Amino acid sequence: MYKQIIGCLIFLACSSVAAAECVEDSESCVTVGQWHLSVAAGYGELSNPLYGEEDIELYLLPSISYYGEKFYFDDGTLGYSFIELPDLTVSGIVNINNQSVFFRRWHPTNILQGNIMSSFSGDVGKLSADISKLPKRNIAVDGGIQLNYYFNNNWAFQSRLMHDISGVYKGFNAQLKVDKKIAVTDDKRWQIFLSLGGDWLSRKLVNYYYGLPSKRLELSQVYVGESSFNPFVSVMQSYKINEQWRVAMSMKYQYLNDGVTQSPLVRDNYTTIAFAGLVYDF
Amino acid sequence: MIFNKKIRILSLLGLLISASPTAFSQQSDIKLQIKPQACIVDKLGESCQLVLHADWQSSMAVDLCLMQQQQQLFCWKQRKQAKFDFNVSLRETTLFSLVDGQQQILASTKLKVSAANNKKYRRRLRPDWSVF
Numbered sequence: 026m027y028k029q030i031i032g033c034l035i036f037l038a039c040s041s042v043a044a045a046e047c048v049e050d051s052e053s054c055v056t057v058g059q060w061h062l063s064v065a066a067g068y069g070e071l072s073n074p075l076y077g078e079e080d081i082e083l084y085l086l087p088s089i090s091y092y093g094e095k096f097y098f099d100d101g102t103l104g105y106s107f108i109e110l111p112d113l114t115v116s117g118i119v120n121i122n123n124q125s126v127f128f129r130r131w132h133p134t135n136i137l138q139g140n141i142m143s144s145f146s147g148d149v150g151k152l153s154a155d156i157s158k159l160p161k162r163n164i165a166v167d168g169g170i171q172l173n174y175y176f177n178n179n180w181a182f183q184s185r186l187m188h189d190i191s192g193v194y195k196g197f198n199a200q201l202k203v204d205k206k207i208a209v210t211d212d213k214r215w216q217i218f219l220s221l222g223g224d225w226l227s228r229k230l231v232n233y234y235y236g237l238p239s240k241r242l243e244l245s246q247v248y249v250g251e252s253s254f255n256p257f258v259s260v261m262q263s264y265k266i267n268e269q270w271r272v273a274m275s276m277k278y279q280y281l282n283d284g285v286t287q288s289p290l291v292r293d294n295y296t297t298i299a300f301a302g303l304v305y306d307f
Numbered sequence: 002m003i004f005n006k007k008i009r010i011l012s013l014l015g016l017l018i019s020a021s022p023t024a025f026s027q028q029s030d031i032k033l034q035i036k037p038q039a040c041i042v043d044k045l046g047e048s049c050q051l052v053l054h055a056d057w058q059s060s061m062a063v064d065l066c067l068m069q070q071q072q073q074l075f076c077w078k079q080r081k082q083a084k085f086d087f088n089v090s091l092r093e094t095t096l097f098s099l100v101d102g103q104q105q106i107l108a109s110t111k112l113k114v115s116a117a118n119n120k121k122y123r124r125r126l127r128p129d130w131s132v133f
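Chains A and B, in that order, give the protein sequences.
Using the working numbering, you'd call the opening residue of the first sequence number 26 and step up by one each time.
Using the working numbering, you'd call the opening residue of the second sequence number 2 and step up by one each time.
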């Protein structure tokens, strides 16, 4: 998987064509100084890799964003772009760490879900532990830097390095991602967006969310997390009906590496997200 | 040429054609007038293509050249006046000037390029639905 990602990046670097500036509102460009709100209504599922937890059903996915000249807010990410060129943007960002989504019923991303798990209500699969002794996994806020590079209007690369600024897990995480946009129809009414990348989670992050601490459990039940690189692939397609309505479908598969899956809490070595529905752009 | 078709010049300011003020040089009695003095494009960054009418007069015969920013367009020798039309393609407000042999500006005037749609755009840094 690593070789494939590196090979893909080299290919992109060698085949780069200048990216054009944004000249209109589109899927990849927004109007400066305007709020953008859309709501997707449909059905989807986020699989939960933890023992004793059910998959999370999705019915309604709101999307809200605001882009100023430098500052922006986009679906929970607060950012300030201090370098913005036609083919490169570098931003300082703050967002909520997504690892807690599997552990917290009141996590912001779970608000509009239909089937919400209870916090650690099930068994801890690989060992018999008193789950009431396990500490809660708190929501963490990350701060860091994000780089977006546009090889051309169809290929893009994103990397980010984040650190816990809330003092919850006190570690790092990073992401590398390549995006490809395909216009199925000449008028761009029907487009497909492909992503290939990976999330790296530091040992402290994995240990906080997936580790079993020695203070609360017997020695045989203790698990100390290791850093983990979890590659993912996603595909999203959008068919524009008119200016307000479009049909959209999204799928993502993420492989969970040993650092996470060796935890007694984790049942599956993957997570998936799938959603299909109608999107209304306000 | 293909690009030309994309360009939608919404309107030229007619009033400027009929009654635009003449640009007077501070250093000489040479008068330079260019019509029209403004061009409106749909969005900033788009090219404005139009035929300009230029007219200059001087009280004495002079050698001078008409410049578009730093680019030399036409030159005359020992002339007191000239009237002519020429094609230009502009993406931004542009200075037209008459200069002498020492490149000193004798008269100048600006042609303003403005957008009917003043909205600015930038790249979205997260894809749709990237909630997770």
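Keep in mind the hints are simulated off the structure, nothing from the lab.
A hint or two may mislead.
[Claimed, not checked] Chain A stretches covered by chain B per the calculated footprint, using a threshold of three residues with CB under 8 Å from any CB of chain B:
1. 98 to 106
2. 109 to 123
3. 197 to 207
Please read these numbers as outputs of a predicted model, since none were measured by experiment.
All residues carry an ideal CB built from backbone N, CA and C; glycine is no exception.
Results for each hint:
1. With a cut-off of 8 Å between beta carbons, the stretch 98 to 106 of chain A has 6 residues touching chain B; three or more are needed, and the interface restraint holds.
2. Under a criterion of three residues with beta carbons nearer than 8 Å to beta carbons of chain B, the stated coverage of the stretch 109 to 123 of chain A is upheld, 4 such residues being counted.
3. As drawn, the stretch 197 to 207 of chain A meets chain B at 1 residues by the rule of a beta-carbon pair under 8 Å; below three, the given contact is violated.
In this structure, the one hint that does not hold is number 3.
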